[in-house]
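**Student:** The residues making up each chain are set out below.
Protein chains: 2
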Amino acid sequence: MKKDNQGAITALDDVESLVRHLAMDVQRGSAGLAYASCEQKNEALRAGAARLREQKATILQANVQDVSAARAEPTMTKALLDRLSMDEARLEAMAAGIETIMALPDPVGRVLEAWTTEGNGLHIQRVAVPLGVIGVIYESRPNVTADAAALCLKSGNGCLLRSGSESLGTSQVIVRCLQEGLQSAGLEPACVRLIPVKDRKAVGVMLSLSQFIDIIVPRGGESLIRRVEKESRIPVIRHLQGLCHTYIHSLADGDKVRRVAFNAKMRRPGICGATETILIDRDVVATLLPPLLEALLQKGCEVRGDADVMALDKRVTSASSDDWATEYLDAIVSIRTVAGIEEAIEHIARYGSKHTEAIITEDKTAAGLFMARVDAAIVMHNTSTQFADGGEFGMGAEIGISTNKLHARGPVGAQQLTSYKYCVVSDGSVRP
Amino acid sequence: MKKDNQGAITALDDVESLVRHLAMDVQRGSAGLAYASCEQKNEALRAGAARLREQKATILQANVQDVSAARAEPTMTKALLDRLSMDEARLEAMAAGIETIMALPDPVGRVLEAWTTEGNGLHIQRVAVPLGVIGVIYESRPNVTADAAALCLKSGNGCLLRSGSESLGTSQVIVRCLQEGLQSAGLEPACVRLIPVKDRKAVGVMLSLSQFIDIIVPRGGESLIRRVEKESRIPVIRHLQGLCHTYIHSLADGDKVRRVAFNAKMRRPGICGATETILIDRDVVATLLPPLLEALLQKGCEVRGDADVMALDKRVTSASSDDWATEYLDAIVSIRTVAGIEEAIEHIARYGSKHTEAIITEDKTAAGLFMARVDAAIVMHNTSTQFADGGEFGMGAEIGISTNKLHARGPVGAQQLTSYKYCVVSDGSVRP
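Just so you know, the protein sequences line up as chains B and S, in that order. The first sequence begins at 2 in the working numbering and counts up by one. The second sequence begins at 2 in the working numbering and counts up by one.
DEER-style ranges, computed between Cβ atoms:
hint, chain 1, residue 1, chain 2, residue 2, range
1, B, 298, S, 115, 34 to 42 Å
2, S, 106, B, 301, 50 to 58 Å
3, S, 227, B, 255, 57 to 65 Å
4, S, 269, B, 173, 49 to 57 Å
5, S, 232, B, 54, 46 to 54 Å
6, S, 288, B, 41, 36 to 44 Å
7, B, 234, S, 115, 31 to 39 Å
Reference listing, derived: stretches of chain B covered by chain S, where coverage requires no fewer than 3 residues with Cβ under 8 Å from a Cβ of chain S:
hint, segment
8, 114-120
9, 247-258
10, 364-377
11, 402-408
12, 421-432
Don't read these hints as lab results, they were simulated from the structure. These numbers come from a predicted model, not from an experiment. A virtual CB, placed ideally from N, CA and C, is assigned to each residue, including glycine.
Please put together the full structure from these sequences, using the hints given.
**Tutor:** Structural data, given as structure tokens:
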């Protein structure tokens, strides 16, 4: 540690040593969690959820302070304030979310494969094990604190949390409740630690601690993720963008086009699984597109199209080539006509973010071709891209969606927070 | 590209643009390989192996030139020359190795899981897909060229190879044979490309090309791996060290101790799965260790031990604390006595490289405890650590052994060179 002339630790070093100390503490504290029984982990989650409900007043009070401090900041938007704000219903949803994760089967210890080799007498099992310590870096929503900690705990991993600075006060109370849950189940409270300072340097320190942290999960906007990717010396599970497409094939059913493509864009335009670009076969633009276009425009969606689409409605503005590469996260959609499925697949290969891609068609051959050829974490047939979600997939909860190709791809739930090891048993086999 | 005053590309830029061009070429060339049929991929492998046999004279001639050039280098050792040298038997083994990989089931397209969600009517399949383009960086053994290319091809991945400079001439002929195999099966020869220059800057360029290369697999000594880890902007599948332990528990069978621990160290002391440190319970040092010690010493193994071990035989030298942290890769072993299984597990947690760790015991409870608690890619019971190998595990072949926790851990065969995607089908489901 560097010290100033008076021997006091300078501010930077203080954050460095603080974060390092916390990460070491989580590694040490969670060593036993890796092989804790499912019952013990569930008891910690049950008690943690109960404690959150008991501490309702304290949590809401801390949140009121966070919200009022945030309101004073010039960069604060209404949307950010809404994400930050807690109320009784959100608190109950948070506690219930932990109970949902509690009810999942234990992801640790699953025998993923088992076989006996010929000749050398090895009995081999591939068994799921925790990853170790997970560093989670996120923004203002306090419920991420509970979700991330509960998923890590269920999967036997320690976690070091770095919450958004606006929600730090609320997150501290939530973490304390979960730590009390751990303690009452006979587990180390240090399995979960929250970085208690707002200094942004703490993120950089976390990303350097590869000896204590095994995986970094960043949750937030693209700039956060890019910073983490650039600086991290630790493997990162993340998605950068959700530039998702819905492709309307010439043999699509008109009713599905209108319902599914509309939902894919407009249900919640701001989520990563929202469709940003609709591709449609040129020979059905005049027949299949108008009802969808009308529904989108009526709902207030801005539509940017190529010449064929503009010809259908005066309200459609001209799409520039930038539009094909833009994740709007808003009520804006770009629509492009293509000559057929090959051109649609090429467009997606060029502009897609490998998150979620859908085809609407009644033709099984076309659907099969699309799903085999398109390289994305999730490919869909006659299904809204808004379903790209661990909860909707039946995983109970997710810590995020990965567009990595290594390890977890798609929704990242408790199972995806595990690695595996090979357990080999023989009766004294030696290798010839 | 930077150019000099005469407009000529400077040497560095030349390597840069060359490597970039090759990587782009593999990405483009292997796009169709991702969904090629198993039959087509197998035909390419079959024809490639046949071509290697046909081109025997050319390959051996190129190898003679590589070996004689290498001999002139001052840093060349006998061991390196041996690794570099080909003969008819090694060539036949290389071709047969490709046929072994050919005979494996197709790792691509496997349905890893399938389920239907309740409520929202989604039929979900998790299906294995290739990773994309794999960059393989290796040292002097020419057979790695064939093994790595064949594993990538089988798993639907393109590969860009960077061979050791000593074996470049031999590797070029081998790659040409495999490319002819691809061509005769109607696949793009550009699925496999070898960097045709010896300039070490080529490695740095490879590691920067994250838009064209999805995974880097370095095979070689620790300094190569550390360089790759430090410089790479691309995820790396690797192992750094194999600092493996064999722990002799107080309830071990004496015969297994002598046979298994001896084999674990001495079968081939230079491989990553070789045992480097033997741990033994203090209460059985006098009974179980002497026969093993005698066998090791008689075979010429240098033994470094703590005071309890030194007391058994004058030939045992004193182990320093550095010995516990050293991967000898040689006929040297360190032996330490421990109070019991807890101390053994602690020693391994502190010094082990998370590669392969073994316990010798007749007590199933102790074995279960050891295997649950030790964090390593492979944990073994009454089994020689020298079995840490994809071929011995029944995977047909391996591109290496991973001590990563993300994605592939342990032996990396064709299956481990795949990712997956979710294929979601519904009859027009929209998310509420």
